Amino acid sequence: MAATLAARDRRFGQLMAAPGLAALLLVIVFPILFTLYTSAFDFTLINPRHDTFVGLDHYARAFGLAEFGNALRVTLWFVVAVVVLEFAVGFLVALMLNAVERGKAVYYAILLCPLLINPVVVGLIWRMFLHPELGIANYVLGLVGLGPVNWLGDPTNAFWTLVAVDIWHQVSFMIVLLLAGLASLPKEPYEAARMEGAGTLACFWHVTLPLMRPVILVTLLIRLIFAVRTYDLVYIMTRGGPGQATDLVSYFIYRQAFVGLNIGQASALAVLLLLIVLVLTAWLYRHMRSLV
Amino acid sequence: MRKLLLGTTILGLGFGAAEAQTLNILMESVPDTRFVEELLPEFEEATGIDVELEVVNYAEMHTKLVPQLVSPTGSYDVIVVDFYWVGEFAKAGWLQPLDERIAADGFDTSVYFDSLQDLVGQVDGEQLMLPFYNYAMGLTYRRDLLEDPAEQAAFKEKYGIELRVPETWDEYLQQVEFFTRDTDGDGNNDFFGVVNQGLRPDPIAMEWSNYLFANGGRFHDENWQPMLDSAEAVAAVEDYKRNLEEFGPLGAASFGFDEAFNVAAQGKAYSYLTYNMFRTAYDDPSQSAVVDMVEIVAVPNGGLNGAWGWAIPNSSPDPDAAWTFLQWVESPEIAKKRALLGGSPTRSDVFADEEVLATYPYYPALENLLATSHNFPVFTYTPQFVEVLGRELSLAVTGEKTAEEAMQTANAELEALLKQDGKL
Numbered sequence: 003m004a005a006t007l008a009a010r011d012r013r014f015g016q017l018m019a020a021p022g023l024a025a026l027l028l029v030i031v032f033p034i035l036f037t038l039y040t041s042a043f044d045f046t047l048i049n050p051r052h053d054t055f056v057g058l059d060h061y062a063r064a065f066g067l068a069e070f071g072n073a074l075r076v077t078l079w080f081v082v083a084v085v086v087l088e089f090a091v092g093f094l095v096a097l098m099l100n101a102v103e104r105g106k107a108v109y110y111a112i113l114l115c116p117l118l119i120n121p122v123v124v125g126l127i128w129r130m131f132l133h134p135e136l137g138i139a140n141y142v143l144g145l146v147g148l149g150p151v152n153w154l155g156d157p158t159n160a161f162w163t164l165v166a167v168d169i170w171h172q173v174s175f176m177i178v179l180l181l182a183g184l185a186s187l188p189k190e191p192y193e194a195a196r197m198e199g200a201g202t203l204a205c206f207w208h209v210t211l212p213l214m215r216p217v218i219l220v221t222l223l224i225r226l227i228f229a230v231r232t233y234d235l236v237y238i239m240t241r242g243g244p245g246q247a248t249d250l251v252s253y254f255i256y257r258q259a260f261v262g263l264n265i266g267q268a269s270a271l272a273v274l275l276l277l278i279v280l281v282l283t284a285w286l287y288r289h290m291r292s293l294v
Numbered sequence: 031m032r033k034l035l036l037g038t039t040i041l042g043l044g045f046g047a048a049e050a051q052t053l054n055i056l057m058e059s060v061p062d063t064r065f066v067e068e069l070l071p072e073f074e075e076a077t078g079i080d081v082e083l084e085v086v087n088y089a090e091m092h093t094k095l096v097p098q099l100v101s102p103t104g105s106y107d108v109i110v111v112d113f114y115w116v117g118e119f120a121k122a123g124w125l126q127p128l129d130e131r132i133a134a135d136g137f138d139t140s141v142y143f144d145s146l147q148d149l150v151g152q153v154d155g156e157q158l159m160l161p162f163y164n165y166a167m168g169l170t171y172r173r174d175l176l177e178d179p180a181e182q183a184a185f186k187e188k189y190g191i192e193l194r195v196p197e198t199w200d201e202y203l204q205q206v207e208f209f210t211r212d213t214d215g216d217g218n219n220d221f222f223g224v225v226n227q228g229l230r231p232d233p234i235a236m237e238w239s240n241y242l243f244a245n246g247g248r249f250h251d252e253n254w255q256p257m258l259d260s261a262e263a264v265a266a267v268e269d270y271k272r273n274l275e276e277f278g279p280l281g282a283a284s285f286g287f288d289e290a291f292n293v294a295a296q297g298k299a300y301s302y303l304t305y306n307m308f309r310t311a312y313d314d315p316s317q318s319a320v321v322d323m324v325e326i327v328a329v330p331n332g333g334l335n336g337a338w339g340w341a342i343p344n345s346s347p348d349p350d351a352a353w354t355f356l357q358w359v360e361s362p363e364i365a366k367k368r369a370l371l372g373g374s375p376t377r378s379d380v381f382a383d384e385e386v387l388a389t390y391p392y393y394p395a396l397e398n399l400l401a402t403s404h405n406f407p408v409f410t411y412t413p414q415f416v417e418v419l420g421r422e423l424s425l426a427v428t429g430e431k432t433a434e435e436a437m438q439t440a441n442a443e444l445e446a447l448l449k450q451d452g453k454l
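In the order they appear, the protein sequences are chains A and B.
Residue numbering for the first sequence follows this note's numbering, starting at 3 and increasing by one per position.
Residue numbering for the second sequence follows this note's numbering, starting at 31 and increasing by one per position.
If you're looking for bench data, these hints aren't it; they were derived computationally from the structure.
Hints are not guaranteed to be accurate.
Distance windows between CB atoms, simulated [as the list claims (entries may be wrong)]:
1. Met290(A) - Thr103(B): 46 to 54 Å
2. Glu72(B) - Gly105(A): 53 to 61 Å
3. Thr37(A) - Lys94(B): 19 to 27 Å
4. Thr103(B) - Leu7(A): 47 to 55 Å
5. Asn120(A) - Glu75(B): 32 to 40 Å
6. Leu286(A) - Asp251(B): 48 to 56 Å
7. Glu84(B) - Thr37(A): 27 to 35 Å
8. Ala180(B) - Phe228(A): 56 to 64 Å
Pairs of lysine to aspartate or glutamate residues, derived as DMTMM-like cross-links and limited to a Cα-Cα distance of at most 20 Å, are as follows [what the hints assert, rightly or not]:
9. Lys449(B) - Asp59(A)
10. Lys431(B) - Glu69(A)
11. Lys367(B) - Glu75(B)
Okay, the calculated bits of chain B under chain A, using three or more residues with CB under 8 Å as the criterion [what the hints assert, rightly or not]:
12. 91-100
13. 117-124
14. 280-289
Bear in mind that the values here come from a model prediction, so they are computed numbers and not experimental data.
Here a beta-carbon is modelled for each residue, glycine too, at the ideal position from N, C-alpha and C.
Let the hints inform the model, and build the full structure from the sequences given.
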């Protein structure tokens, strides 16, 4: 009797999960498989048919594309910069906010504002702020005798300007996630540590960090994956320039698909990017778990 | 006109009784679109066809159009086509030839400028589009400064020639140098001889094309053999870089046309080489501090031509109504009304119209822009070539490549794209 009940429960569970799984199959698995399939054909929007099989040609060509190599390099630096900086800033702010007793809602509301703005709007606003001649950023710097800064017209500056705007936009995501983690930590280990005479720093290193590891892992992973996908900011603010300083890989793939109309080649690049992100994610996941 | 009315009456009989027809058109948010929008009630009244304009930014247009064009039935009855998509759209066979309709209704296409017919009218002898408006580039400059006797005397003393509307490229470059100044003595220039639009890909590629022509260079010869590794092309890159670095505002390497225009419109630059539609905007006090101080002239040796064309896509749900609209919007009456609102004409009869000339005394200068302009290479992979050119120019401007290196790469990639297209 008990077995049939369990079996029935299982069947019911499968039934309930089926629509969700079907939806995932449809919107995630199918497009990925279709991308894989398309990447092996000379499929362009001018001739949108799977009629010329090219095998792995698109993959081979991808490695010969100097622009793709550059885009991967720029993306790597960009991802490392935004994830590390946002994590550092985010964790610091989260720790400070965790100690706040009153008015937390107000801080939350202020912090969440940038996150609510569409990235395209963020890009447009900052382009205006950072106009070297007419923008407010250089005007304010001028009032205190600094500048003018060439925010987007110089390759190095443009890269770091992009990183800074991304931090402005996305750091609250880190804060909110880490803060939720901090708020859910048990009080007992801290009390025990205090009893043993641990100071604030020791508490942080030996209690907070180990307890927070799962949250930190998830936060970093999500942010990393999002950062690899960054496209809107570049599109609005720099178009990959000046030179090739901000040519992120998502924007490069977009150009292959919608400017070059070469969907086959773009699909191959997208598959490569997916593989890179998967490997990176797996490595980070294992590495963080082994740190126990 | 009678035929048009007759046609619309028949249409009205056919469909009017059932429900109102609606035409969907995708357009770019530019002044000329606004002028069409203002006149739409006349069309709706005359034909009973409702028009829904979907107006988006340039950056979104191509991405929005292509999926609609690929599918058998799209959502747009009429589209507008930028000249550098023409090769691609024609190759893909996305546009309906208009020749039969033109012949049947006696629509006169001989009034269009030849250079515009080449650019956004005919492809290989087939009329795929009607030229909508032109955005040939011209040199906008501060007339008030040019005509200032004190400036004229100082210029003559420095260069030994008169300060006048530039007729040669070297003369213009000297004026750019001459007008670049540090007016408040803080060691930084704050008035600039020129403002450039150095953003990748199309702003820099389009603007630099003028420098190429001005230096006597060309993109390719009559047989499509690329010519970007020529000494003229390299000199054009060097001119561009010097103007941007030494005589332009900080950050011009990242300016799109709106940012560059704002610098010029705020009275911070002597000149800006730009699309002719901005000539009208300089006289609009809501966006300009230099009303009545700016004039436009053709770039020495002729600048870059540019235009949009009307087209009926193969995926158009209602091509007959679309053609009715095209005949209306490109009729002499409506083309003239659009010009009177400030539009950039494509028809010679509009340029010759007395009322238009009385309203806009600078239209002969615009006509001259068109007459002397050169076309950008139009082939299947033009958008990709714009990307390549934009990237290489930007690399040269930021000093990551020399002018020679950049032009050699651009030349090689242009050649590869032309081969891919079967032009070579």
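Tested hints:
1. Checked against the hint of 46 to 54 Å, the pair Met290(A) and Thr103(B) passes, with Cβ atoms roughly 51 Å apart.
2. Separated by about 59 Å at the C-beta atoms, Glu72(B) and Gly105(A) satisfy the suggested range of 53 to 61 Å.
3. Evaluation of the 19 to 27 Å hint for Thr37(A) and Lys94(B) yields a pass: the beta carbon distance comes to about 21 Å.
4. Between Thr103(B) and Leu7(A) the CB atoms are about 54 Å apart, so this pair conforms to the stated range of 47 to 55 Å.
5. Between Asn120(A) and Glu75(B) the Cβ separation comes to about 38 Å, which falls inside the hinted range of 32 to 40 Å.
6. Between Leu286(A) and Asp251(B), the C-beta spacing of about 55 Å keeps the proposed range 48 to 56 Å intact.
7. Under the hint 27 to 35 Å, the C-beta atoms of Glu84(B) and Thr37(A), about 29 Å apart, fit the expected range.
8. A hinted range of 56 to 64 Å holds for the C-beta pair Ala180(B) and Phe228(A), which are about 58 Å apart.
9. Pair hint Lys449(B) plus Asp59(A) holds up; C-alpha atoms about 19 Å apart against a cutoff of 20 Å.
10. Distance check on the hinted pair: Lys431(B) and Glu69(A) sit about 15 Å apart at the alpha-carbon level, within 20 Å; holds.
11. With a CA separation close to 16 Å, the supplied pair Lys367(B) and Glu75(B) stays within the 20 Å bound.
12. Coverage of the stretch 91-100 of chain B by chain A holds [criterion: at least 3 residues with CB-CB distance below 8 Å; count 4].
13. Counting residues of the stretch 117-124 of chain B whose C-beta sits closer than 8 Å to any C-beta of chain A gives 3, which meets the bar of three, so the coverage hint holds.
14. Under the rule that three or more residues need a Cβ within less than 8 Å of chain A, the assignment of the stretch 280-289 of chain B holds, with 7 such residues.
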